[in-house]
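Fit chain B to the known structure of chain A by using the hints.
If you read the sequences in order, they're chains A and B. Numbering-wise (the numbering used here), the first sequence opens with residue 5 and increments by one. Numbering-wise (the numbering used here), the second sequence opens with residue 5 and increments by one.
Some hints here could point you the wrong way.
Distance ranges between label pairs, derived from CB positions [to be verified]: (1) A:Ala41 - B:Gly56: 26 to 34 angstroms; (2) A:Ala178 - B:Lys42: 36 to 44 angstroms; (3) B:Arg124 - A:Lys253: 57 to 65 angstroms; (4) A:Ala178 - B:Ile91: 50 to 58 angstroms.
Dumping the calculated DSBU-like pairs for lysine-lysine here, alpha-carbon to alpha-carbon at most 30 angstroms [said to hold, decoys possible]: (5) A:Lys237 - B:Lys319; (6) B:Lys42 - A:Lys42; (7) B:Lys138 - B:Lys411; (8) B:Lys411 - A:Lys323.
Hints are computed from structural coordinates only; laboratory data are not their basis. C-beta atoms are modelled at their ideal positions from N, C-alpha and C, and glycine is treated no differently.
There are 2 protein chains.
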Amino acid sequence: MRKTSYESPSADSIIFNIIRNEGSINRTDLVANTGFAKSTVSLQINKLIETGIIQEIKPKKSENTVRKLQIEIVPDAGYVIGVFLGIHRLSISLFNLRMETILEAVYDLESILNPEFINRLIIKKIDLLISEAKIQKKSLWGIGLGFPFPVDFHQGISEAPPNLPLWHQYPVQAIYENHFSCPVLLDNDVNVMALGEAYSGIAQDENDFIFVKVGNGIGCGLFMEGRVYRGAKGSAGDIGHIALDRETKLCHCGNIGCLETIAAAPSIAQKGLEVAMTGDSPILQKKLAKNHKVTSKDVGEAAQMGDMFALRIIKESGKNLGSVLAKLVIFANPGMVVIGGGVTKSGTLYLSAIREEILRKATHIATIDLQIRYTDLQDKCGPIGSGRLIIEDIFSSRNFTKTIEGKFNIPNALQDNNGKFL
Amino acid sequence: MRKTSYESPSADSIIFNIIRNEGSINRTDLVANTGFAKSTVSLQINKLIETGIIQEIKPKKSENTVRKLQIEIVPDAGYVIGVFLGIHRLSISLFNLRMETILEAVYDLESILNPEFINRLIIKKIDLLISEAKIQKKSLWGIGLGFPFPVDFHQGISEAPPNLPLWHQYPVQAIYENHFSCPVLLDNDVNVMALGEAYSGIAQDENDFIFVKVGNGIGCGLFMEGRVYRGAKGSAGDIGHIALDRETKLCHCGNIGCLETIAAAPSIAQKGLEVAMTGDSPILQKKLAKNHKVTSKDVGEAAQMGDMFALRIIKESGKNLGSVLAKLVIFANPGMVVIGGGVTKSGTLYLSAIREEILRKATHIATIDLQIRYTDLQDKCGPIGSGRLIIEDIFSSRNFTKTIEGKFNIPNALQDNNGKFL
Numbered sequence: 005m006r007k008t009s010y011e012s013p014s015a016d017s018i019i020f021n022i023i024r025n026e027g028s029i030n031r032t033d034l035v036a037n038t039g040f041a042k043s044t045v046s047l048q049i050n051k052l053i054e055t056g057i058i059q060e061i062k063p064k065k066s067e068n069t070v071r072k073l074q075i076e077i078v079p080d081a082g083y084v085i086g087v088f089l090g091i092h093r094l095s096i097s098l099f100n101l102r103m104e105t106i107l108e109a110v111y112d113l114e115s116i117l118n119p120e121f122i123n124r125l126i127i128k129k130i131d132l133l134i135s136e137a138k139i140q141k142k143s144l145w146g147i148g149l150g151f152p153f154p155v156d157f158h159q160g161i162s163e164a165p166p167n168l169p170l171w172h173q174y175p176v177q178a179i180y181e182n183h184f185s186c187p188v189l190l191d192n193d194v195n196v197m198a199l200g201e202a203y204s205g206i207a208q209d210e211n212d213f214i215f216v217k218v219g220n221g222i223g224c225g226l227f228m229e230g231r232v233y234r235g236a237k238g239s240a241g242d243i244g245h246i247a248l249d250r251e252t253k254l255c256h257c258g259n260i261g262c263l264e265t266i267a268a269a270p271s272i273a274q275k276g277l278e279v280a281m282t283g284d285s286p287i288l289q290k291k292l293a294k295n296h297k298v299t300s301k302d303v304g305e306a307a308q309m310g311d312m313f314a315l316r317i318i319k320e321s322g323k324n325l326g327s328v329l330a331k332l333v334i335f336a337n338p339g340m341v342v343i344g345g346g347v348t349k350s351g352t353l354y355l356s357a358i359r360e361e362i363l364r365k366a367t368h369i370a371t372i373d374l375q376i377r378y379t380d381l382q383d384k385c386g387p388i389g390s391g392r393l394i395i396e397d398i399f400s401s402r403n404f405t406k407t408i409e410g411k412f413n414i415p416n417a418l419q420d421n422n423g424k425f426l
Numbered sequence: 005m006r007k008t009s010y011e012s013p014s015a016d017s018i019i020f021n022i023i024r025n026e027g028s029i030n031r032t033d034l035v036a037n038t039g040f041a042k043s044t045v046s047l048q049i050n051k052l053i054e055t056g057i058i059q060e061i062k063p064k065k066s067e068n069t070v071r072k073l074q075i076e077i078v079p080d081a082g083y084v085i086g087v088f089l090g091i092h093r094l095s096i097s098l099f100n101l102r103m104e105t106i107l108e109a110v111y112d113l114e115s116i117l118n119p120e121f122i123n124r125l126i127i128k129k130i131d132l133l134i135s136e137a138k139i140q141k142k143s144l145w146g147i148g149l150g151f152p153f154p155v156d157f158h159q160g161i162s163e164a165p166p167n168l169p170l171w172h173q174y175p176v177q178a179i180y181e182n183h184f185s186c187p188v189l190l191d192n193d194v195n196v197m198a199l200g201e202a203y204s205g206i207a208q209d210e211n212d213f214i215f216v217k218v219g220n221g222i223g224c225g226l227f228m229e230g231r232v233y234r235g236a237k238g239s240a241g242d243i244g245h246i247a248l249d250r251e252t253k254l255c256h257c258g259n260i261g262c263l264e265t266i267a268a269a270p271s272i273a274q275k276g277l278e279v280a281m282t283g284d285s286p287i288l289q290k291k292l293a294k295n296h297k298v299t300s301k302d303v304g305e306a307a308q309m310g311d312m313f314a315l316r317i318i319k320e321s322g323k324n325l326g327s328v329l330a331k332l333v334i335f336a337n338p339g340m341v342v343i344g345g346g347v348t349k350s351g352t353l354y355l356s357a358i359r360e361e362i363l364r365k366a367t368h369i370a371t372i373d374l375q376i377r378y379t380d381l382q383d384k385c386g387p388i389g390s391g392r393l394i395i396e397d398i399f400s401s402r403n404f405t406k407t408i409e410g411k412f413n414i415p416n417a418l419q420d421n422n423g424k425f426l
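Isolated chain A, as found in the complex (with noise of 0.2 angstroms):
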């Protein structure tokens, strides 16, 4: 038997949350917004300032003639880090509660074949950042984590493909939480980044995204209506194995014709490397002379400076994309595409080739209004996402009362009988 179910927020919640969402708002403001009686907004609006998570402040002459006072998160009441691991690169962010970076830090990895290994690295890195910025451990609020393989979110450990064996099944999640003692998530790379596009770029305005990363692998996050959609199992958006039904090629899978073996960066890098060898393309030739390898990136340069051969290699593997997307596009009729990850390095050629081939294939209906763009966040996008992925978790309707209570000691004022934050 099916049952709705009902989340009840908090009026405080609502209060914070429109607070955060506005940067700063008075309180005639705020009961227009809400709805909720005068003296509802009031009471709540002084119980968060004696908590200390929000000021009311006057705001400049200038800003504003009525000079209503002006109500505001205090940015350093709290902190939040993000963490985005890559194959090569990790990147740290620490944020203060308006999501305003505080400092970042990026490390260059040999490998992440090892978990103890590279989480006993990110947990020294994550401390070395809370020092260098001179943060208690305790204002700490939160850590959400972007890890490259696919994770189980609700028990926040990690599921790992083949080629990462010592992940699989690792208990991700519990390990930051017992070390920082706060709130920790874990979320596969892509849904991170569609949070980062969602919150910080192009897809601001956008309800309902999908979110293409092509790197090593090409892997994609669903936002739907507002959210990040992970299906049955949290493995919606793992779209490297659909297959193309014309290929051949096997796949480490164990498939045949992934899209992952066909369009991504090292299948643009390989097929570099033959028109090298075979001479075709004189300018790959030369990188291959000077640098001993060819990558994707130099493909997509030489594409652009004309080079024929890379520039069959780069539209062939847009081509691909493209195709697959098509039916992705007519089958959730996102309203925006955003492509991100290495291979946007390789220049916008490959985005047309995308466009082209999903505006070819894909119904009328789905693509008269659909955007097909490159992220404008680039290696941002990752930490800023995983950021996202914590302070709006912590600052949910599920959990807000939780998150204050743990961070304030509460006035006797504020509390009911049963010591509860009122």
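Chain B in isolation, oriented as in the chain A frame:
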């Protein structure tokens, strides 16, 4: 700037919908289920009893040893209508507020080309059903419509495909609202069928599933996180026009190799006709001689009798559908795929072929717990889903107060100074 939206359901709507979900429940359990104070529950219950929409009754001795008073919906306090329009068939059902079927009627149709004629017919048949059930027009609380073409759900107008030009931007919802003076919602057939499965069919325990209808066309309803997902422009699930890369057949949409052209009922019938005419299939040859036509059902029956050529047609069609569904299963990771529509009458060989191809081509994680089944509601699915479409909407937290206010003379004691329901 992305803004989080908040819906704060009222206490009465929460309580009413719990009663509706549970069938019957006592006050103590309501307090436990809602977390509301006993006094709040009492106040709201008494108020709702006074309106006549719920009642408190003594259970029979055998049912309940404690014999606590049980609260339940007054089933005949109101009614809703579910209309399901097919290309050749119209189904209309009348439900009470518990969604129990009071009366149902089915009519064959020659054609649905003319919207004026069809809507006038449907209105006449609804009037007939209401008068047969001896129900006053004001007891009709809402009408849900499931129509076999794309619709603009928010505007309540149809957006017809090329073969039904007169329906394009036809103000369907407004016509019914004007005639019946009650809330009306219009959605496409597959979304409505997905709702039917979600509330009354085999998908009652699934929060995430896709419903695939295979008949004269192929379409799909997406049920995600407990709700129908419609996409940015309302065209989500329009999978009939996803192309099979290998195929070359021209579709009426202008593209090549669309799934609908390869795997829907007309294509099965056409292939059946061919092997009937060549004599390759003696069974279908006889059918053709007798009926002067071959249907997809004929092909299914011949296949189940072991006819090799019919078997191959059914298997090929199932395989082609399965091949597209495998991609969508990877992308959306549903917990269940429900197959409905006329082609399910061709027997379970078709289902087996679909299953085989999905399991072969989709990823391990997306298929490990995936169920792939035929609907068990069959033709009831549509009208039940249309009824659900409207009843879930009128009792949603957004509309609950309006619904109750519109239907009852609220006693003065229950009104505030502005005459609003307290």
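Each hint, compared with the structure:
A hinted range of 26 to 34 angstroms for the beta carbons of alanine 41 of chain A and glycine 56 of chain B is consistent with their spacing of about 30 angstroms. For alanine 178 of chain A paired with lysine 42 of chain B, a C-beta distance near 39 angstroms keeps the hint of 36 to 44 angstroms intact. Our hint of 57 to 65 angstroms for arginine 124 of chain B and lysine 253 of chain A holds, since their Cβ atoms are close to 58 angstroms apart. Between alanine 178 of chain A and isoleucine 91 of chain B, the C-beta spacing of about 56 angstroms keeps the proposed range 50 to 58 angstroms intact.
Distance hint between lysine 237 of chain A and lysine 319 of chain B is fulfilled; the C-alpha atoms sit about 29 angstroms from each other, no more than 30 angstroms. Of the pairs offered as hints, the one joining lysine 42 of chain B and lysine 42 of chain A holds, with about 26 angstroms between alpha carbons and a cut-off of 30 angstroms not exceeded. About 18 angstroms separates the Cα atoms of lysine 138 of chain B and lysine 411 of chain B, which keeps this hinted pair within 30 angstroms; it holds. Pair hint lysine 411 of chain B plus lysine 323 of chain A does not hold up; C-alpha atoms about 57 angstroms apart against a cutoff of 30 angstroms.
Violated hints amount to a single one, hint 8; each of the other numbered hints is respected by the structure.
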